[in-house]
Each structure stands twice: as structure tokens, then as C-alpha cells.
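Residue numbers (my numbering), protein chains in the order written: chain U, 1 to 242; chain X, 1001 to 1242; chain E, 2001 to 2242; chain V, 3001 to 3242; chain C, 4001 to 4242; chain F, 5001 to 5242.
Calculated from the structure, these hints are not laboratory results.
There is no bait here: all hints are sound.
Which residues of chain C face chain F? A partial, calculated answer using Cβ under 10 angstroms:
(1) T4088
(2) D4116
(3) D4118
(4) Q4121
(5) D4123
Derived lysine to aspartate or glutamate pairs resembling EDC-like cross-links, with alpha carbons at most 16 angstroms apart:
(6) U:K83 x F:E5078
(7) U:K83 x F:E5090
(8) F:K5081 x C:E4078
(9) X:K1149 x X:E1046
(10) X:K1083 x E:E2090
(11) X:K1083 x U:D76
Fair warning: this is a prediction, and the values are worked out from it, not measured in the lab.
The beta-carbon is built from N, C-alpha and C at its ideal position, and this holds for glycine as well.
There are 6 protein chains.
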Amino acid sequence: MARPDGRTADQLRPVTLTRHWSIHPEGSVLVEFGNTRVLCTASVTEGVPRWRKGSGLGWVTAEYSMLPRATNTRSDRESVKGKVGGRTQEISRLIGRSLRACIDLKALGENSIVLDCDVLQADGGTRTASITGAYVALHDAVTWLAGRKALAGKVDKVLHTSIQAISVGMFDGAARLDLDYEEDVAAAVDMNVVCTAEGDFVEVQGTGENGVFRRAELDAMLDLGVLGCAELAALQQKALAA
Amino acid sequence: MARPDGRTADQLRPVTLTRHWSIHPEGSVLVEFGNTRVLCTASVTEGVPRWRKGSGLGWVTAEYSMLPRATNTRSDRESVKGKVGGRTQEISRLIGRSLRACIDLKALGENSIVLDCDVLQADGGTRTASITGAYVALHDAVTWLAGRKALAGKVDKVLHTSIQAISVGMFDGAARLDLDYEEDVAAAVDMNVVCTAEGDFVEVQGTGENGVFRRAELDAMLDLGVLGCAELAALQQKALAA
Amino acid sequence: MARPDGRTADQLRPVTLTRHWSIHPEGSVLVEFGNTRVLCTASVTEGVPRWRKGSGLGWVTAEYSMLPRATNTRSDRESVKGKVGGRTQEISRLIGRSLRACIDLKALGENSIVLDCDVLQADGGTRTASITGAYVALHDAVTWLAGRKALAGKVDKVLHTSIQAISVGMFDGAARLDLDYEEDVAAAVDMNVVCTAEGDFVEVQGTGENGVFRRAELDAMLDLGVLGCAELAALQQKALAA
Amino acid sequence: MARPDGRTADQLRPVTLTRHWSIHPEGSVLVEFGNTRVLCTASVTEGVPRWRKGSGLGWVTAEYSMLPRATNTRSDRESVKGKVGGRTQEISRLIGRSLRACIDLKALGENSIVLDCDVLQADGGTRTASITGAYVALHDAVTWLAGRKALAGKVDKVLHTSIQAISVGMFDGAARLDLDYEEDVAAAVDMNVVCTAEGDFVEVQGTGENGVFRRAELDAMLDLGVLGCAELAALQQKALAA
Amino acid sequence: MARPDGRTADQLRPVTLTRHWSIHPEGSVLVEFGNTRVLCTASVTEGVPRWRKGSGLGWVTAEYSMLPRATNTRSDRESVKGKVGGRTQEISRLIGRSLRACIDLKALGENSIVLDCDVLQADGGTRTASITGAYVALHDAVTWLAGRKALAGKVDKVLHTSIQAISVGMFDGAARLDLDYEEDVAAAVDMNVVCTAEGDFVEVQGTGENGVFRRAELDAMLDLGVLGCAELAALQQKALAA
Amino acid sequence: MARPDGRTADQLRPVTLTRHWSIHPEGSVLVEFGNTRVLCTASVTEGVPRWRKGSGLGWVTAEYSMLPRATNTRSDRESVKGKVGGRTQEISRLIGRSLRACIDLKALGENSIVLDCDVLQADGGTRTASITGAYVALHDAVTWLAGRKALAGKVDKVLHTSIQAISVGMFDGAARLDLDYEEDVAAAVDMNVVCTAEGDFVEVQGTGENGVFRRAELDAMLDLGVLGCAELAALQQKALAA
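Full structure from sequences and hints, please.
Written out as C-alpha cells, the structure is:
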């Protein structure tokens, strides 16, 4: 069975990282993986929440959300429903945890950064695109703080590595990289892999609701995920060098 | 006192209406008034809410929202706060009311259309940009229904006119069209004018929290608002003809 | 078509302003416009919210609400639904904005006043009756503060004018003043006008959900609204002199 | 220690029951016990909630609430806080339970009645005033249903008795009837007694947060409560005969 | 009609009080009345809420809750519904009020104790079992504070008596002690009695939703309730001595 | 560094599975992993939610929660806060997804099962204990349905395998099985592994918030997790055979 868009099993969709998409935020990146389109912004506040004052440590959190018609059928707004759904919270927590893995909160000093990842259009892989784009926005925000001499350490001390994420899935016993929505729904098993620039794992989440998976399958998915992340790390670096 | 961007008092900011910005919605328009940028989508559901079934009438509503970092400083998400604020509800109601003024719900037949106006970047005039863009998205959605032969009437019966909106304000006794954020904050009085293509009023809202206003000032603002709306009507028509 | 209660087009319903209706609040007025009956109370707290401390400025806000059976059919309580509806918030904001137009927050000094407008019985024009009654309650509260020597300025410096509001509507091309519920539902267009004692506008809101309106109609409604407000200003003055 | 208003220990405050206070509800009574003033309305819906359809039984519930400035200092609105407090719910449940004790739901037929008790001014005893007033409003609503031939039984079958309630408290070993706010705060023990016209108990709630109570004290409070209820039953009967 | 489990009318179900059921809380008691099983924990915080600081007084509150499947059919979680129901709040308030009757808040000093009563299995009498068990947990928590020399007074000054509670009901004119669920549903009238070790009343709540009750019946229920409480006081003392 | 309780790296804590702990639920298991103690109940409803009617498929969901004092310091109740936290939702979703991996919803027929996992005492590994215990409760509930001849298939068709879960963590480069709370906090990396009786993976979640992890470390953790799950599968089987 061929991939819907004719890609090879180990091929990413076209990925673009557009920096400075918005004028207001300290970091702002429109990230696209094929038709998936997420606006990642990094908002800096000098100072930290009250319970953290005087600790010398900074603070980084993330919030993920989807526009109501980012998807094929419209979803009700969580603001109108009056509560944030489980999926949204789970992804927000994952993004925050992943990005905190590359940041030295002591070197950041008592500054707070909120990473907002708003999905403008969804076609699979929104959480991994969010993480990949949020890293670039975070880098711009840290550089902005450096420009104001507001960091406790240097930029490359604050951000000692980069963070990327990609999805992988199993189809008829073969692993595929970077699933679009159609593949995501059809996959027996799917996994999200979050890596550092060095290829170390930050987070690995594999789920088999439509079927279980063997160790060999898990290994094949991990191999592919690590390859995809390395490619994304190069794209991030290129975007930041532009 | 000159305008921040050098415009004349009766000059609109550069306005663009980009149709088909997203792939999923039946109508989707990115509207820009200078730096103000709103994604307007129209989502069609065949059928109406239960309490309206069998009436032969359609249903049109609107929801407005801002991304947390659409503005200069980050706002907390209404989904996280667990309630929709007064300003948001007020604008959602205004957009819905304004657009219902151009639609014949009987000719629409038992179809529902939700207009989502999500502010991606704010620089004044987000509610009037939303109304102006939402009309174009609504037109595309009605045309989509016509293509599926799902309307009770023809497109130009369903939409018997077009709807535009613009803000106006008073500065040192003189009226100005299409305020940006800096002007909006500084204006003694400001007014939102919603018109039809024929130049009739749909809604007029003038507020003088920083000062009251005389009849002559009100008249000057109305004159300017009607002119601005006529210009926007032409831009909408051009966009729909493209 | 005659008016339901036989009034002329420019005639107000019988208006009464009963001061000191309740024993606890610093200002308390039962305002009646025909069958519309609103209890307006002004509650004073010496001091201001924390974020305003040390500014030397006072604070005035308003909250509007309807008893569940103020209307012809019972509405669910917003406390039970767990959220304040859009209409309620919109009117609360309008009342607060209108009353702040007559008050000098510096002369008020660091005192807070909450204006509560609770509709005990509704028959059209509840928001304009609320504004008209709230002004009188506010005046009593400011006088109470003066009696305790708690103002930064004199009473007539704190309240440099009075505020009134009235509704107007169009019927078969003719304007009518002070619509009752039956007329409000039937009107093609209706407008709320908020004025100062000098006849300047504080707020003008015209809506044409059942039809659009021309400039000449808008002018006719504004003329009538200004006349009605002048009459209400005299009634307020008389009530305060009693 | 004398009573603040000079009453004897077994004397009620002046009680008034004003029927038809509002024009919209099927039953509407302004009940006053001294300065305590509660608007009790009874709202009829023909039909019952879905889960009760076809049972042949009617449905009676109650909701209690206080205006924010009914008391000496202003309370935040429960609608604004987004939740109904424990005290409010407790009293709503008590009123509903008490009134259901006098009604034959089978004879009522499949009709629903909501009793709203809104405290306009509070000076102690608001829950017992609510019960006493709500009975009269309920009687008017049942009579209204009878007038429309919508009852399954006759009025005096539907309402086989009347319901009254009064508070009692202990002061220096002596029981007092119908406490005002000042006494309520000072009482070592207080009790609410709900009775039928026959002097039977519907509900007895005695609380000693400021001290415990002996059997003899409980007996004295019950004696006084029964006497007070009998007096109220006569006042209700007189009001209904007017 | 005999009792479902063959008890005599004045006989308690088997009651057990298991102290130290959990390892974390300062006081923790599993209380069982037949099949009713409640975990009562007392959590100590040194210090009091901000508004109470410097008063020299401590603070005791209670929260009651049921596991979703503590009952015969599953109830939705109040956390998922987003609000605490009226019954839950009513019982939480009753438990807190009852326990505060035995504690000298001045002798407690500026310490806070939260009593959590979580019903693991329900078979009637959960609120009275909660009160009875919470007293023992409270005693352990106060003793724990004494061990840390954190009390302002001695343990027997802080807790000057013990608190017990039991339910009673009327069946065919005869009173029965400690109703199980089946009896609770069938009783015409039921009453909860809360006493001190000396047999004084702290709280008396009698309700006749399925019928009213006469003075003689009330007297019979009170007699039985006092007897039951005395028996429970002995069991508490024995548990605390173990 | 030795383990706090002296276990070897690959040793589980003492695990007990007590069936029929409660009298009401169709399945009810108290699961203990050392000091971690979770009450897992399975509640059966014949029928499925409305949107699933007529599909021939059953429905299984899970809800996880902690008692406020299950932990070392008391947490506020989510019911009181008015919303379910992100961690709670994430774990509820994980439990539901894991258990659905072993159930054939077609063979279950149109029956619904809710798995409630309430943590009575927490000492690390509450989510994995919940999954392990919930499987046994689910088995009892399916058997109960079989006894009522309410299944579309046989028990061993409905439950084609068993589900177990365990945590693993890295300490100084070595993997450890079944972390208690103290170890969980100290681990550089930790992972939750969910398996079937056949040793296939259902879910794998590894997180390195305190540090990243290499492929070799991931492999060591997976090896240990699979061993631990096999041991748990045997314990489940033994409990179900008892």
C-alpha cells in the first residue's frame, strides 16, 4: 500500500519554518509539515511567578490549542465549553516538558517564557510540528532577552541543544515517517519521538489502540524517528541561520 | 497631529482579502487591515439545531476570539480561564447580528453556518475587519451549498446585499477613518459603523468613554464611516470576482 | 398603528425614582418606567482594588441582572448555569461605561463604588432604566462619602454632570420614544441613547436586526432620544432635591 | 437582655404578605418579616421534565438567592463566581422539600412549578420567610392552573394543608421567636421549625455552633416554634382570602 | 415489620473504628457502620488562612465526598461535572459545624485541620458515620500537634468533649436506630442527631418528606438518638485508648 | 546507591490483588504495590451511549482520581476546584486506552463498562497499579455479564488477553523496576510499559524531564518492563483463579 502523497516510507513532508510571522511576540514561527500549519509564539515576561521569586530560576510553559475549523469538521471551542479537554492538556504538557529539556533555567535567570502553539490547519502530526516550531520561537525569544542583557547566562548556555519531534507509524509490518491525518487514522500503532540535536531521546510515546506491537516493530519505529529528528534539526539550524 | 502611518483622515489602511486560505472550511478568508490579521472561516452543517427543525429556516451565528499573543502583551486563554469574557461575547454577538442582516434565512433553507473570526494579529479594528472578512467567507459557503444544490433559493436571493464595517474616531474635533491600535487608544470618541452595499446602516455604535460627543461630531463620523464602507464593498466584490 | 398604551410618539411612560428603597446600601433607588422595575443600589467600599492602590483614583463598576421571573416566561438563573450570558455582560459593561462618563475618578479619591441593577420586572427598556436609576443611586453614594469626609473633591466636582438613557425605535417610518416590550419586539430598528445633562452623547447604539435604517431615520431617532433624556434629567434632579 | 426592637420573647415581627406584586408570574408574593423582604414567585410550566413524562405526577422545586446588596456588606454574585454556594443550595433544597410536604403531586397532574425566593433585603429569617411566602405564591399558582382546568385534582386536594416556618433561638436560657439578624448572630443556639396548618412538623433543624443545647431547651424552642407557625398560618389564610 | 438484618429497634449495626488506616495523614480512621465504610482523614497545616493570621485562633473545616461507585448504581464524579452538588456541600458543612463544637480554636493555636470524609461504600448513615469517625481522626491530629509542641493549649483543653452522630427513623409509629439504606428509603421521617459525650445536642435535623411528624414521634426519635450517641462515645473512647 | 526498601533492581514490591473488596460494583479490586493502594471498580450498564446505539459494539472507559490526602501533603479536590487537572485526564485516558486493547467490543455487545481507579494511598506507580488492578475488575464484570447471558460472545472471546503495566527508571546508568515515590522523584528518566499476557506492547511512554536517554538505556528499561509485566500477568491469573 503506497503513501497517499507518494512519499517513501522514510520521507518527511515538505517542512517550512517561517520566522517573524507576527509582529508582537518575542519569538514567532509559522511551522508547516505539508498541510499541517501551526503558529508558535514565544512570549517573554521579565520576572517569574510569585512562588518562584528569588530562586534564580526561569520558567517555561506551553499551551496548545486548535482553531475550531482547523480540522475537517468544526469542533466546539474549549472556551465556550468552559473547560480544556484532556487531549489539549496532554499535548500542552508534552510540549512544555519537551522544551524544558533543552533549557538551562538557571542560565535563563528569573524570566518566564510561554510557548503558544495554535493549530491553524491540521493534517496529522500537530503535536510534533508544535514542538519543532516552538524550539525555533524559543530560540528567538532567548536571543531577544540576550539583546536586552536580561539573561543570567549566554544564549548557547541557556539553550544547550535543540529539540525536534516527529511521528512514526506501522503499516502492514513496515514503519513510516511523519504520518498525515489519513495515515494517522489508519495506522495500527503510532509513536511520537522527541529528540535532541545529539540524537538522544527526550520523550518516546508509542500507542497501539488498534493493535499491539512487538519489540522489533518498536525498534524500527525508533530508528526512523531518530532519522527524521536529525533532518528536522538541520532545518531548524538553517532557519535560525537565515 | 498627523496619523502614525501618514494616512489622510479619510484613508483606509491597505486592505487584503485572501480567499481559500485554509483547505478544510467551506469558506475561509484571511482579512488584513494593515497589521490587523483575522482568519474568517464559514463552516456549513446541513440541518439546523433541534429546536428549529421543520421551520424551513436556516441559522447563522458567529464566534470571535483572539489568539493569546495577537496583542502586544499576552492575554490568558479564555479556555484556560474557563469562561468567555464580556468583550468577546459582545463582539461575537455583533458579528452574528450584522451578517444575519444580509441573509434570507428562508432562502438558505435548513442549513447552519458558523462564522469563526480568529484574530491572529491585532492592531485596532479587529471587530470591523472580522465583519468585512466574514461576509466574503459566508458568500463562499453559500456558493458551496449552491454547488451541492442544497439551498432553498438562489445565491443572490440568499445573500441580497453585502455587509461591511469600519471604525471611525474623533481627534481634536476632526474625524478619522479606520483607526489603528495607537489611534484607538488615543481617540476621545470612537464609533463602529456597519453598512450594506446600498449604504444603509445595519448597526451604529458610538462610545465616548474618554469624553462625550456632540451631534455635529456624530454626523462627521457617520459620513466618514459610510464612505469607508462603500470602499470596502468594492474590495469585497473584487475579491469575490477573482 | 397606535401605541399599545395610547401614548404619543414622543411621550415617556410614567417614570418614578424612589430613593432609599433599601436600608443597607449607601445609595438605593427603585426606578420604574411603566411596568419596568429595576432596583439600583450603589455599594461603597473605602479603598480600591490592589492593582489601583496609590494611584489616587477611584473605581466605579456596574453589574446588571434579571430575576428569573422578571419576564413573561421564566429564565434559568445564570448562577445555576454557572456562567454569565453575553447579553448580561454587554449591558453591565454599558452601564459601567455610561456612569463613568459623569464621574471624576480623581475627585472621588481611592473609593470604589459598585452599581447593582437588578431587574425585578421587565417590560422593555431595562438597560436604559438601569442607567437612569443608577445615576441617582450613585449620587446618593457620593453624597454619603462626602458626609464622611472621604472624598478627594466636592460632590459637584466628583459628579460634573448627570447621565440619562432612553430607547427609541422606528415603526412604519416614524420614530417612537421609550418602547415597551411589545414595541421593542415589533420595531424594525431600535436605538439606545445615553446623554449628559447638557445633551451631549455618551453612547449611541442603533441596531437593525429586523431591517436596515437610513440616515434620515437615524436622525429622527437621535432627535427623539435627546428630548427624552432631557426630560429624564429633570426627573432625576427633582428626585434628588426631594 | 431585652430584644433590639422591644418585642416580647414570643412575639413575631410585623409580617405582611403582598400578593400579585409582579405582573408576569402565576403566583407572586412579597413577604416581609420586619426588615426582611423576599420576593416569592411561582412559575408554572404545563408538562414535566422528560424523565418524569407519563408518570401522571407533577413536579415542584425551589430556588433561593440573595441580591448582592440585600445585606449590610455587598456579596459577590454567584453568577459571576460561576458557582452556587453551599448555603444557597442548602436553603433551596429546604424550601423545595418543605413545600412538597403540602402538595399532592398526583392531583397536581403533569405540571411543573418552580418557586423562586429572591431576598431583596435581609434582616434574619430569610429562609423561613421564604417558605412562608412561597406557600402563598404556590397556592395562587395552583388556583391559576385550576382556572385553566389543568389540574388532575381539585385545589384543596392538590394542597391538602398549608406550610409555615419560623426561627427560634436561645438567649441566656430563654427561647425567643423570630430572630432578626442581630439576634441571629448573638444566639447560642438557633432552630428553624417548619409546620403544617395542623401543627405537625415538616422539618426541624437545630444548630448549636456557639454552644450545645439540652433537651429542655430544645423543648422550649419547639413549643415557641409551633406557636409562631400557627400565627403565620392564620396570616396566610387571611392573605389568601383577601 | 422486622428490620432487614434482624436488629432490635434500638440496636446499632456493628461499628468499627480502624485508626492509622493510611500512612500519610496526621489522623486517619476507617469507620464502618455495617456495610457503610468511610475513610476519615485529618490533615494538619501549621498556620491559618491569610485572613485569619494574627488572630491566635485555629481553623477546622470538613469535606465530604462519595466515590462514584460507593452506591448501588454509579454516580458521575463531581469533578467531571465541574461542580459540587447541593447534597455534598450540605453534608460537608454539617460535618465541619459538628466538629467545631468540640474544639477550642484558641487552644488549638494558629493551626489548620481539614477533615476529609470519603465514602468508600455506602449503605445508609454516611453523614453520621463521617462525623463519628472524623472525631477520632481529629483527636489523632491534635495529639500529633501536641507531640510537636505546636498547640497553644493541652489536648484535653483543645478537645473538651467528643462528638458522635447517629440517624433515627419512624416506621409504623415506632422509632428505629441507625437506619441502613433500605430502611432510610422506606422511613416516613428521619432524623440525624449529633451529640457531645455529655449527651448535649450539637445538631438536630428531622425531615418528613414522606410524611409529617408529631411531637411524640420527635421525642421518641430524640430519646433513641441520645442513647445511640452514648454507645458511640464509648466506642470512640475505646478506639482512642487502644 | 541501594534501593530505599532493599529490593534488587529487577524486583517488584509486594503486590496484592483483593477481589470483591466492595459489595456494589460488578467488579471491584483493591490493588496494592507496596504502599500504593488503589480501589479499582468496574461498573456495568446494559446499553451504550446514544450515539453508539445500534452499532452492535460495547463501550469501555476509565476515570482515575486521587483522594485529597492519598499523598504526603493534601491536594485540593478537583470537584472543589471545578475542573479536572491535566495529569488526571492524561492518566484516565491512558487507563482507558490500555484496557480497550484487550477487549473485543463486538463480542462485548451493547454494554458499557466504566473503570474507576481511585487512589486511596499513593507511593509511586499509581497509574500502572491502576491498569493492573482494573484488568482484574474488568474480568469480573465481563464474567458477571456472562452470568446474565448479556454478552454477544464468550468471556475469553471478549477478553482475548490480559493487560499489565509497570514503571521502570534509570539510576546512574542502571535500570530499576517498579519505582516507589522516592525513586520516582529521583530518577533521571522514567518509563511506563503496558503489555499483554503475550509480552506485546500496548503502550510505551518514556520521559526524561531530568535528563535525556540513549537507545541502550531505553532498551534496558524495556527489557525490565517486559519482565515485570510477565510477573504481574501471573499474579492476575492467580487472583482470578482463586
